[in-house]
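Colleague: Chain by chain, the residues run as shown.
2 protein chains.
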Amino acid sequence: MKQEITKHSVKLFQEKGFSETSIQDIVDSLGVTKGTFYYYFKSKEQLLMDIHLRYIDELLDFQKEIIENEQTCRDKVVKIVGLIIGDIKSQRANGRVYFREMRNLKADNAEIIKAKRSEFREKLERIIVEGMESGEFRHNLNAKMITLAILGVTNWTYQWMDPSGDVTVEEVAEMFADFVLHGIHV
Amino acid sequence: MKQEITKHSVKLFQEKGFSETSIQDIVDSLGVTKGTFYYYFKSKEQLLMDIHLRYIDELLDFQKEIIENEQTCRDKVVKIVGLIIGDIKSQRANGRVYFREMRNLKADNAEIIKAKRSEFREKLERIIVEGMESGEFRHNLNAKMITLAILGVTNWTYQWMDPSGDVTVEEVAEMFADFVLHGIHV
Numbered sequence: 001m002k003q004e005i006t007k008h009s010v011k012l013f014q015e016k017g018f019s020e021t022s023i024q025d026i027v028d029s030l031g032v033t034k035g036t037f038y039y040y041f042k043s044k045e046q047l048l049m050d051i052h053l054r055y056i057d058e059l060l061d062f063q064k065e066i067i068e069n070e071q072t073c074r075d076k077v078v079k080i081v082g083l084i085i086g087d088i089k090s091q092r093a094n095g096r097v098y099f100r101e102m103r104n105l106k107a108d109n110a111e112i113i114k115a116k117r118s119e120f121r122e123k124l125e126r127i128i129v130e131g132m133e134s135g136e137f138r139h140n141l142n143a144k145m146i147t148l149a150i151l152g153v154t155n156w157t158y159q160w161m162d163p164s165g166d167v168t169v170e171e172v173a174e175m176f177a178d179f180v181l182h183g184i185h186v
Numbered sequence: 001m002k003q004e005i006t007k008h009s010v011k012l013f014q015e016k017g018f019s020e021t022s023i024q025d026i027v028d029s030l031g032v033t034k035g036t037f038y039y040y041f042k043s044k045e046q047l048l049m050d051i052h053l054r055y056i057d058e059l060l061d062f063q064k065e066i067i068e069n070e071q072t073c074r075d076k077v078v079k080i081v082g083l084i085i086g087d088i089k090s091q092r093a094n095g096r097v098y099f100r101e102m103r104n105l106k107a108d109n110a111e112i113i114k115a116k117r118s119e120f121r122e123k124l125e126r127i128i129v130e131g132m133e134s135g136e137f138r139h140n141l142n143a144k145m146i147t148l149a150i151l152g153v154t155n156w157t158y159q160w161m162d163p164s165g166d167v168t169v170e171e172v173a174e175m176f177a178d179f180v181l182h183g184i185h186v
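Residue numbers (the UniProt record's numbering), protein chains in the order written: chain U, 1 to 186; chain S, 1 to 186.
Chain U extracted, bound-state conformation (with noise of 0.2 Å):
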């Protein structure tokens, strides 16, 4: 039940908005009573933190996979962009309420997920730095200017792709990858 509500709401916030959606709308959704939200969940709040880190610790997890068993730091670069673009697929809604509705975290909330994306945001710095070290990056580029260039290029499909559409996610992983890596490499 718990995943149930998580899923209706995260459709409802991404649809309406967060601040727009009340716990009413959601237990009418599932046709369910407040009190079973509140059973799982203190206040919509709550529930919107829940939804920011199982989003954020479900892509740290997997970018610490991809940098433990990728030999290379191209490699690592192409399978952090597969990474993050390839969620979409089954993430869009969280992905959407994920990038948006961060302002309506409580301050001390706000800190541990800005903490954990700029973990993120560093361990793939951190790989444009070895690449550039190793040479298989260009030498001279600025690693945290174009480590937030990558996330632009990753993080903006959330805006426009759609995942019934005529380009598969693998696709424009694969396209993406090429970009970026044109944009780095020796």
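Covered by chain U, according to a simulated footprint, are these stretches of chain S (three or more residues, beta-carbon under 8 Å):
| hint | segment |
| --- | --- |
| 1 | 7 to 20 |
| 2 | 149 to 158 |
| 3 | 172 to 183 |
Worth flagging that the hints you see were computed from the coordinates, not collected in a lab. In this text, a Cβ means the ideal position worked out from N, Cα and C, and glycines have one as well.
Once you have looked at the hints, place chain S on chain U.
Modeller: Showing chain S alone in chain U's frame:
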């Protein structure tokens, strides 16, 4: 006064969100009455539309100028990247409202803005196609996807860029133009 209302509203919308900001909040922040607001705007939604229109119309005007004045596709792309990023300096709050609050426009207004956004995107796409045909850019690019990748790099800057930070807008524009050109050049 119309400009003052817009400016203060953009600030409030950016901080609190469009739905969370009342007309009362707006007039309170200016020390005027609701009558003043309604003298200039029929509704909060009309004000939001006004913000959207001015933002995209200005970008379209500048883009047109660039296309007419620059000779090579390379220079057109560089200038358009610079245009979007440079806009942050003066337009950061407007940009954030523009990117976040479109769902709060009425359906017919949203369609107008969507059409203008598409126009901007398609004009950039046409430059990519021309550059592929003229041999300036790699011939095997997917122009539509590359355009979305470029807009990802530029538009994402609204999420993180601090115009008062240690990297200037001009430096970011130059680095990102360089990154993008490496991504597409022959």
